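Sequence positions in the sequence shown follow our numbering and run 1 to 535.
These are calculated hints, taken from the structure and not from any lab test.
In this text, all values refer to a predicted model and were calculated from it rather than measured experimentally.
Any given hint could turn out to be false.
Said to hold, decoys possible - SDA-like mimics (lysine to any residue), calculated; alpha carbons at most 20 Å apart, straight line:
no. : residue 1 : residue 2
1   : 143       : 420
2   : 305       : 279
3   : 388       : 186
4   : 216       : 267
5   : 143       : 429
6   : 14        : 25
7   : 114       : 150
8   : 378       : 210
9   : 396       : 378
10  : 218       : 270
As the list claims (entries may be wrong) - Restraint-style ranges between C-beta atoms, simulated for each label pair:
no. : residue 1 : residue 2 : range
11  : 193       : 272       : 43 to 51 Å
12  : 489       : 6         : 25 to 33 Å
13  : 193       : 362       : 18 to 26 Å
14  : 284       : 397       : 48 to 56 Å
15  : 498       : 477       : 34 to 42 Å
16  : 278       : 341       : 22 to 30 Å
17  : 230       : 362       : 20 to 28 Å
Glycine included, C-beta positions come from ideal geometry on N, C-alpha and C.
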Amino acid sequence: MNDQIQLARRYVRKVWPHRWPALIVATVVCLVGWSTVLMLPNVYEVRARIFVDTQSMLRPLLQGLAVNNNALANTAALMQRTLLTRPNLEDVARKADLDLETKTDREFELLVNKMASKLRFTGTSRDNIYEIGFEDGDVQRAKRVVDELLNRFLETALGSTRVDTVVTQKFLEDQIAEYEQRLLSAEDRLKDFKQRNAGKMPGDGGSYFQSLEAMKLKLKEAELQLQEAQNRSSTLRRQLAGEEPVLGIMGDELAFDMPMTSQYDERIAKLEDQIEQLRLLYTDKHPDVIGLQEQIVRLNVRREKEFDERAQMAAQRSVSPGIIDPMQASSYQEINLAMAQADADVSALIARVAAYRRDVAELELEVDTVPEIEAELKRLDRDYGLNKQQYEELLKRREAARLAEEADQQADDIKLKVIEPPRIPLTPSGPNRVLLISAVTALALAMGAGFAVLVSQIYPRFYTTEEVREITHLPVLGSVSMLFDEVQKRERRMELAMFSLVLFGLFSFYAGVVSLEVMGMNLHARLAGLIGAVI
Numbered sequence: 001m002n003d004q005i006q007l008a009r010r011y012v013r014k015v016w017p018h019r020w021p022a023l024i025v026a027t028v029v030c031l032v033g034w035s036t037v038l039m040l041p042n043v044y045e046v047r048a049r050i051f052v053d054t055q056s057m058l059r060p061l062l063q064g065l066a067v068n069n070n071a072l073a074n075t076a077a078l079m080q081r082t083l084l085t086r087p088n089l090e091d092v093a094r095k096a097d098l099d100l101e102t103k104t105d106r107e108f109e110l111l112v113n114k115m116a117s118k119l120r121f122t123g124t125s126r127d128n129i130y131e132i133g134f135e136d137g138d139v140q141r142a143k144r145v146v147d148e149l150l151n152r153f154l155e156t157a158l159g160s161t162r163v164d165t166v167v168t169q170k171f172l173e174d175q176i177a178e179y180e181q182r183l184l185s186a187e188d189r190l191k192d193f194k195q196r197n198a199g200k201m202p203g204d205g206g207s208y209f210q211s212l213e214a215m216k217l218k219l220k221e222a223e224l225q226l227q228e229a230q231n232r233s234s235t236l237r238r239q240l241a242g243e244e245p246v247l248g249i250m251g252d253e254l255a256f257d258m259p260m261t262s263q264y265d266e267r268i269a270k271l272e273d274q275i276e277q278l279r280l281l282y283t284d285k286h287p288d289v290i291g292l293q294e295q296i297v298r299l300n301v302r303r304e305k306e307f308d309e310r311a312q313m314a315a316q317r318s319v320s321p322g323i324i325d326p327m328q329a330s331s332y333q334e335i336n337l338a339m340a341q342a343d344a345d346v347s348a349l350i351a352r353v354a355a356y357r358r359d360v361a362e363l364e365l366e367v368d369t370v371p372e373i374e375a376e377l378k379r380l381d382r383d384y385g386l387n388k389q390q391y392e393e394l395l396k397r398r399e400a401a402r403l404a405e406e407a408d409q410q411a412d413d414i415k416l417k418v419i420e421p422p423r424i425p426l427t428p429s430g431p432n433r434v435l436l437i438s439a440v441t442a443l444a445l446a447m448g449a450g451f452a453v454l455v456s457q458i459y460p461r462f463y464t465t466e467e468v469r470e471i472t473h474l475p476v477l478g479s480v481s482m483l484f485d486e487v488q489k490r491e492r493r494m495e496l497a498m499f500s501l502v503l504f505g506l507f508s509f510y511a512g513v514v515s516l517e518v519m520g521m522n523l524h525a526r527l528a529g530l531i532g533a534v535i
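With the sequences and hints as input, model every part of the structure.
What follows is the structure, encoded as structure tokens:
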């Protein structure tokens, strides 16, 4: 630290003899710099503030019914996109008459670039308040530029939703017309295909293979029913052959040897067939299946009761032989009727089995063609379904767009309010002369000191014996001090006082200029007027 202090004192001693040249240089630089700063043209900033109100009572009510138009949701991005595009800036420059100052395309391009650098916009989406600002030396020109920018933003912002709606409506109408033609074409293809393949189309039962399996199952069930009916008919014939020869004498033997039959057997068999048919489609817990089972239980109860009555009558005949029971005659007639019914059932089932066999044979012959028809039909149905779904979706979108357009026209859900229109400022916004004057003063002092250091290096002097010893590397035997008389001392004091006065005047002038600028005195206008009067 001591070495640094000694070094600083050495430089001060070297510079001090050249203080007047340094002060002159600093003064000249200050005067020139201050004059230049004061002569800088004033810059005026014209601003406009906009409030974007996106609150609407109708929009929440239409949530899910109409298209949510968020064209101004990001207003800052919209401002940047509309205000800072090159064609838009050129158009604003022409409408603000800035192109009158240019003669060539190059000059106009430079003018547009300069205007873009001076343009600014600020704001946040939190409070939806945005500001457009432009600085220029001509306040009227700055106001014209801001007016044009504000008008263009309002037109773009308010018109963008309407333009988007019109474009959307036209796009939807074109797409609806196109899909309507596609739907009609798909309907015609499906209709022609069904007409060409009439009788080969798959029914509601499922695909071709499902229909074939179902038909084979029906054939198997019909064959089983036919076998049961034939067995029942054969049994009845045997019973009838055993009763016809001697009814009165062999009545008791037949009563015991003949299989037990009842008038309820046929009804029970039919109900059981119905249950088997229902079990192919449903489970045992289905209400129809349960109802039929309950009927069979009731019929079985009646059947057992009938058998009990017959057993009692047979016991009475064994006690009183030779008496012919009228029940034997009625039993013979019942067997005849049952056999006739069994023969009719056999004939019907034979016809049903034959029909089922023909259907199975026809389906087996179409094993190569019907699946292809089914696949083509599915493809046509899928094509028709997709076109229909897209057509209906487009119709919904068109209605939603129409509802959104009506909501935009009636609800006015996005409002733009100019809360601060462009106006001519009374005071310039720049340049910052206080800062510039201070910078010039600091630069002048630095240049003066640098000039003194430079002169001291050109004309070096020794001020102490240590400097002589360091430079010459020779021993110093002694030094002679300089003595001043009273006249020289007085002149030295006068010179030092004059230097201090000039330096104080320089700083006082700096303080005065800064104070006048801070107080709002238009030194630029006064100086310009003074120069104009002199010239």
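Quick rundown of the hints versus the structure:
1. For a cut-off of 20 Å, the pair hint linking residue 143 to residue 420 stands: about 13 Å separates their Cα positions.
2. The suggested pairing of residue 305 with residue 279 is violated, with an alpha-carbon distance near 29 Å, which exceeds 20 Å.
3. Between residue 388 and residue 186, the direct Cα distance comes to roughly 9 Å. Compliance with the 20 Å bound is thereby established for this hinted pair.
4. Only pairs whose Cα atoms come within 20 Å are accepted, and residue 216 paired with residue 267 is rejected, the gap being roughly 26 Å.
5. Annotation: proposed proximity of residue 143 to residue 429 holds, straight-line Cα distance about 14 Å (limit 20 Å).
6. Proposed proximity of residue 14 and residue 25 is supported: the alpha carbons are some 17 Å apart, at most 20 Å.
7. Using a Cα cut-off of 20 Å, the hinted pair residue 114 and residue 150 holds, with the two alpha carbons roughly 19 Å apart.
8. The hinted pair formed by residue 378 and residue 210 meets the criterion: a straight-line CA distance of about 16 Å does not exceed 20 Å.
9. Annotation: proposed proximity of residue 396 to residue 378 is violated, straight-line Cα distance about 27 Å (limit 20 Å).
10. Distance hint between residue 218 and residue 270 is fulfilled; the C-alpha atoms sit about 16 Å from each other, no more than 20 Å.
11. At about 44 Å, the beta-carbon gap between residue 193 and residue 272 stays in the expected band of 43 to 51 Å.
12. Separation of residue 489 from residue 6 is about 27 Å and conforms to the stated range, judged on CB atoms against 25 to 33 Å.
13. The given range of 18 to 26 Å is respected by residue 193 and residue 362, whose C-beta atoms sit roughly 21 Å from each other.
14. Judged by the Cβ atoms, the range 48 to 56 Å given for residue 284 and residue 397 holds: they are separated by roughly 51 Å.
15. The supplied range of 34 to 42 Å is met by residue 498 and residue 477, whose beta-carbon atoms lie about 38 Å from each other.
16. The supplied range of 22 to 30 Å is met by residue 278 and residue 341, whose beta-carbon atoms lie about 23 Å from each other.
17. The hint said 20 to 28 Å for the Cβ distance between residue 230 and residue 362, and at roughly 26 Å that hint holds.
Hints 2, 4 and 9, counting from the list given before, are not met by this structure.
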